[in-house]
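Residues per chain, in single letters:
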Amino acid sequence: MSILETKDLSITFGGISALDEVSINVEPGEIVGILGPNGAGKTTLFNVISGFLKSDQGKVILDGEEIQNLFPYERVAAGLARTFQHVKLFRNLTVYENLLVAQHRHLSSGSFAAMLRLPSWRKDEKLAKDLVEKMLDTINLRPWKDARPSELSYGTTRFLELASVLSLKPKILLLDEPASGIQQREVEALGPMLKGIRDETGCAIVLIEHDMGLLFSVSERVYALDFGRLIAEGTPDEVANDDRVLESYLGRTRRDSVA
Amino acid sequence: MSTAVETPEVPEQVIEAPSTVATKKNRRNQIIALGALAALGAVPIPFGDYGFFIGQYAAVYAMLGLSVTIVTGYAGLISLMPYTFAGLGAVMTGLIMTGWGWPFWLAAPMAALATLPVSLVVGMASVRLKTLYLAIATLTFSTALGETFFRWDLVTGGRIGWTVASPQLGPIDFGTDLNFYLLCLLVVLGLVWMTEGLRTSRLGRAMLAVRDNELEAQALGINVYKTKLAAFVLSGMMAGFGGAFLAVLLGNVSPGGYQSPVAEVTSILLVSLVVIGGIDRAWGAFFGAISLVVQSQVFQGARFFFPFFGMYSAFFLILFLLFRPGGLVQVSKITTELVKRRPVFGLAVVLVTVALNLGIAYIFIRAS
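For the protein sequence lines, the chains are A and B, in the order given. Take 4 as the starting number for the first sequence in the numbering used here and just add one per residue. Take 24 as the starting number for the second sequence in the numbering used here and just add one per residue.
One or more of the hints may lead you astray.
Subject to a maximum C-alpha distance of 35 Å in a straight line, what follows is the list of computed DSBU-like cross-link-like pairs (lysine-lysine) [as the list claims (entries may be wrong)]: (1) Lys-10(A) / Lys-249(B); (2) Lys-91(A) / Lys-148(A); (3) Lys-137(A) / Lys-249(B).
Derived Cβ-Cβ restraints for the label pairs, each shown as a range [said to hold, decoys possible]: (4) Ile-291(B) / Glu-30(A): 54 to 60 Å; (5) Ala-59(B) / Lys-172(A): 43 to 49 Å; (6) Leu-152(B) / Asn-244(A): 50 to 56 Å.
Because the hints were derived from the structure by calculation, they are not lab data. From the three backbone atoms N, C-alpha and C, an ideal C-beta is built for every residue, glycine too.
Generate the whole structure from the sequences, applying the supplied hints.
Put into structure tokens, the structure is as follows:
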């Protein structure tokens, strides 16, 4: 059974169709790439899957459960996590505190337990700190643990964001352009890292990426979107050589002139 | 798992060493802080009953300030209702103590609980709004409660209100200025400790997260609406609890003190008090209250200058917002750093600042 399935997702903005009956499916532990020129509807698809946008029609099925009517935070509890195209972090909190916030769903103690330092609060804090310590080593963020996001390089904030969503222990992870704006050296490290995350945690990964090298090297299957419609699906090789994909990237006129 | 960024391997002992040093330092700092606090608590003693009254006043305003710390400092919601909730607590304390004849020790927690349904309903209706819109909404609710709840004679004791007796605990009479001062000081320190505890918890961190970035908070599985509502309700309860002490401090509760425009103006005063102290730390409310209450007393003595007091505090507030957004808490941190780095210069700066302040206060009092 697929871990994530979308059925005929459609959404229009002011008469323009941003998604048009998009159906994709992701198997457990699979890495799936999503390809498409700017404005193709890739991020819109992520927003609909993660609940930040409501689709006009269609279903989102996570691990056999329909989730299209849940709030974003409820979808996180169901095992779905996402990152944003532009890094969003808590700028007044340190790296360590950012990661503590990400442990929210693993904790349970209430406000009065914390105010009175009751044992349930103590237990929660110990659990949260243990989890953060582990994550600091997993993503190599320890040297920056007391820094605030504004003091980090853009690449490091990307990794902090990745560490935050990994802390949610998701079944499926949606990454929106994880390599944008980071150094080539870090981009090259990202591919093996994503595969490592998949192997270690078994979580499926869906990624939107403009860096074709990364997308094709890491994905096992690729979907191509254009004008809100799926135009191709298959292995990286198949999609890279698909006529319609080439057309959407290189443009019709040029292909016509070549023909 | 393969790690990505090529970061220098940090040797174990480099990580461990500073943290153990920090623990020892922390303990030393805690002792220093406790000593400083005890010294601060002893300041009213030479001034006698008048000093104790000012101390009580500052402590109660710090309690009310803490409600702003939670709702605005932690959760980033601009609420102009704290003083209305304090009034609710004060009126309930009057009703319970004078109307029903129950002791203060039951009345205070019940005053806090009494704010719960009101803050829940108001919160549900308004926390979806943001920034100025939320401020206006809470302002409206504050005025509306002033015209409804605070006109409910059965509860408020009518126009005259309730006379509130001092609390008693066995042989200890908190009617004396010294005893009530010590009680208020103890309670406010307890509440500061509780508010700091909230900051390092699941819900407290969720509030800070929501304040910084709602979208990211949602993406990390935080229920933004519930978190804001919790902040609003906890803040209301804190104000209600402080309201019980306010009732005893004033000795009587008359509803007029919590109606338009006093309620709104005092709520704004509470917000500025917390901003001056430091808005996102519990100690901010404590130091802000001391600074504001002491100043208002000093300037009150200076009859000629009193009309300029508003201008002076507005100027002061703007300076703080511009240069020290962390408030007095940030100032004290910077000063401590300075003293550590350059002890002679740092201490000289502290002495000059204190002397300057005392001098200004003296001149103002003499000139009146």
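Results of checking the hints against the structure:
no.	hint	result
1	Lys-10(A) / Lys-249(B)	holds, 31 Å
2	Lys-91(A) / Lys-148(A)	holds, 17 Å
3	Lys-137(A) / Lys-249(B)	holds, 29 Å
4	Ile-291(B) / Glu-30(A): 54 to 60 Å	holds, 58 Å
5	Ala-59(B) / Lys-172(A): 43 to 49 Å	holds, 44 Å
6	Leu-152(B) / Asn-244(A): 50 to 56 Å	holds, 53 Å
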